[in-house]
Every structure is written in C-alpha cells, then in structure tokens.
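Q: Below, each chain spelled out in residue letters.
Number of protein chains: 2
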Amino acid sequence: MAKCKLEIRLAGSGGQGLMLAGIILAEAAILYDNRNAVNTQSYGPEARGGASQSEVIISDDEIDFPMCEQLDILLCLNQQSLDKYLDDLRKGGMLIVDSGLCADLPEGDEYKVYKIPFTALARDEVGKVFVANIVSLGAVAGLTDCVTRNSLERAVLTRVPKGTEPLNMKALAVGYREAAAARVDQPVGATKPA
Amino acid sequence: MAKCKLEIRLAGSGGQGLMLAGIILAEAAILYDNRNAVNTQSYGPEARGGASQSEVIISDDEIDFPMCEQLDILLCLNQQSLDKYLDDLRKGGMLIVDSGLCADLPEGDEYKVYKIPFTALARDEVGKVFVANIVSLGAVAGLTDCVTRNSLERAVLTRVPKGTEPLNMKALAVGYREAAAARVDQPVGATKPA
Chain R
1 MAKCKLEIRL AGSGGQGLML AGIILAEAAI LYDNRNAVNT QSYGPEARGG ASQSEVIISD
61 DEIDFPMCEQ LDILLCLNQQ SLDKYLDDLR KGGMLIVDSG LCADLPEGDE YKVYKIPFTA
121 LARDEVGKVF VANIVSLGAV AGLTDCVTRN SLERAVLTRV PKGTEPLNMK ALAVGYREAA
181 AARVDQPVGA TKPA
Chain C
1 MAKCKLEIRL AGSGGQGLML AGIILAEAAI LYDNRNAVNT QSYGPEARGG ASQSEVIISD
61 DEIDFPMCEQ LDILLCLNQQ SLDKYLDDLR KGGMLIVDSG LCADLPEGDE YKVYKIPFTA
121 LARDEVGKVF VANIVSLGAV AGLTDCVTRN SLERAVLTRV PKGTEPLNMK ALAVGYREAA
181 AARVDQPVGA TKPA
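Protein chains in written order, with the numbering used here: chain R, 1 to 194; chain C, 1 to 194.
Some hints here could point you the wrong way.
Pairs count within a copy or across copies, as identical chains cannot be separated in the list.
[To be verified] Under the rule of at most 25 Å between Cα atoms (straight-line distance), these lysine to any residue pairs were calculated in the SDA-like manner:
#1 LYS128 <-> ASP185
#2 LYS128 <-> GLN186
#3 LYS5 <-> GLN70
#4 LYS5 <-> TYR32
#5 LYS112 <-> GLU165
#6 LYS162 <-> GLY108
#7 LYS128 <-> ALA181
#8 LYS162 <-> ARG90
#9 LYS128 <-> TYR85
#10 LYS162 <-> PRO187
Rather than coming from a laboratory, the hints here were simulated on the basis of the structure.
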C-alpha cells in the first residue's frame, strides 16, 4: 500500500530554479491539499553551478524531523547532483533525471529510473529554458501523485512572476504529459493521494 | 474557481462497458477519495447497440437529486449517443469523444471538445478492444481530475475480472497519457481536487 510519508529531493545546479520548485511543491501540499509538508534548502559554496538541492517531505502525519533521511524520490537536473546524491535514494526509489544533462546513469534495477529531457522540452516546446524547473515539477507530481494537479497549478500560479502564468501552465502540462507517457511503459503505482 | 459538484455522463452503445465504468468512477470517489457520489444507469430498449448511458455525480456536499440536470462532462463512445445527449451538456462543458467512432462533431466553441481514439487505442496498444471503457475512464479522470489516480486505480482493480489487472492498469495509463497530452495543447483548469 501507499506510504503516507514521502521524501523528495530536487537537485541540480544553482540557477535552475529548484529552490522555487521546492517551495511551490510544499505549498501545494500544505495550502491546497491540506497535508503536512516541510521544505528545506541547501546551497553549496558556489552561487551558481555545482549541486544545490531543495528537499520536500510530504506526510499525512506530523513531521518530527525536517530533513530527508532516505529519499523516495530524487530529481536530478545535472550530472553533478546525480553523482552527489544517488546514495541517499532508497532501494526501489524513483530517480528522475534530465536525460539531456545526465549521461552517466546507474545500471541495474536498484532504482526506478525515469529519463525526461526537461531542459530541452522547456526550450523547444515552451520556448524558455528557465521553466525547466516547472516542467520537472509537473513530471514529479505526475509520476508520484504526491500533490493534486489542481493544488500544484494554484501553487505555481501564486509563485511565478506576473505575466508568466500561461508559460508556466504550459510547462507544467508538458511535465505531466511526459510523466503520463512514461507510466504507460513503466508502470508505477500511485502514492498516497493528497 | 473550481466547481464542487461535477455531473458526468458516460455514453455509448450497450456492450461497451460504460455501466461498469460508471460504477468504478463512483466507487473511486466514494470509497477512496471520501467524497459523495451517485451513479445511475439507464438502458435503451436494445440490449446492445444504440445509446446507453451511466451518470455519475461527484460532490463534496450532499447530493439531493441523483440525476444529472446539466452535464459538465459528456463522454461519447459512439455517434448515436453523441447525437442523443449533446443537448444535455452545458455551454462550456467538456465533450470527450471516441474520435474513431464519432465523425459528426459540434462546430464552434460552445463546448471544449477532446477527440481520442479510445477503441483503437484499446485494440492496438493494449491488445483488447474491451478495455476501451477503462482507457476512456483514464482520460476522463486525467482531463478533469474528478478523482485521484490512486483511487481510480484501486477502484478498477477491485472491479475487473481476476487476471485482467495488468491489462486494465495499462488501459488506464494509456487514457491518462492521452489526457495529459491533450491538456498541453488545449489547457483545461483542474476541477476540484478529490
């Protein structure tokens, strides 16, 4: 059965918008799905580049300890963050990578690996590279059902700059589409619904 | 804002499995999403063929009147049911048709029309025509968020014949994929989350 607590890490280089993505995900869970969530962020010494990360824990129960202990879901938007954080992912956990930016992936079936070219999709289909974070958020939610789509849409709309709403809704929809397509070939049971 | 009551009609010919689809949808809402729902069914004089229909009302409030008054969502798996029931769909409502079986569609922008070849997908991609009802259920849920995916999966698994679970999960996933793809080009705001 579905686990009622989900530990998620969104990782990539600084400047890829994953801090904002973590805030949005947590707000979707807390404000609109009425669940418990915490969001913690950590930066490396580099302002941009490297491996920065944003953690989100979503639960129906109170969350005692606000740091991820063993990840259920790891999103990596660059190779450096994948190399750094893969060990924190539990066996059987879900690894979601930007397939255009991560070439060296784990072999075997220890993890459920989903490869989606987030940055290329953001650039080629939505027209703006900077919405790769929102495309990936749509994919994370679409693959895991960790928040409802309605809540995620509301949280995105509240947080993104005025004027960019249609762009970001399109980015989110592209992410959901990729996730839904991936689930046909590589089924994943829905996690706890929000 | 999202409406908290949703009136849905699943229509097609007898034998397309829409009675079961209605039961599954209502059970997903009631048993697993903990919302209120009613399911009513009506058959024409013909045991098979013609235009039969299954109605589902999903609401967060008590449902006083168990029949649809003005449809928010109309699914049609054949032309006959489309011709018969289109007038019951509210302006701005969502019309979802089997594009392989419905050729004569309403023109203009009175309705939001989504065309998906459910029967062809069931046959060609899942390998069994009889799961067209489950493909269409995935699309209805994916387009409207009327129930959570987790709940719908559970309801399907509970109701389908033993041994056909993987087939039906695949059918559902194909329906979700088609819906998610359609929402990129033709955005639709999520309805009330379950």
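Q: Hint numbers the structure violates, sorted upward?
A: When the structure is compared with the hints, numbers 6, 8, 9 turn out to be violated.
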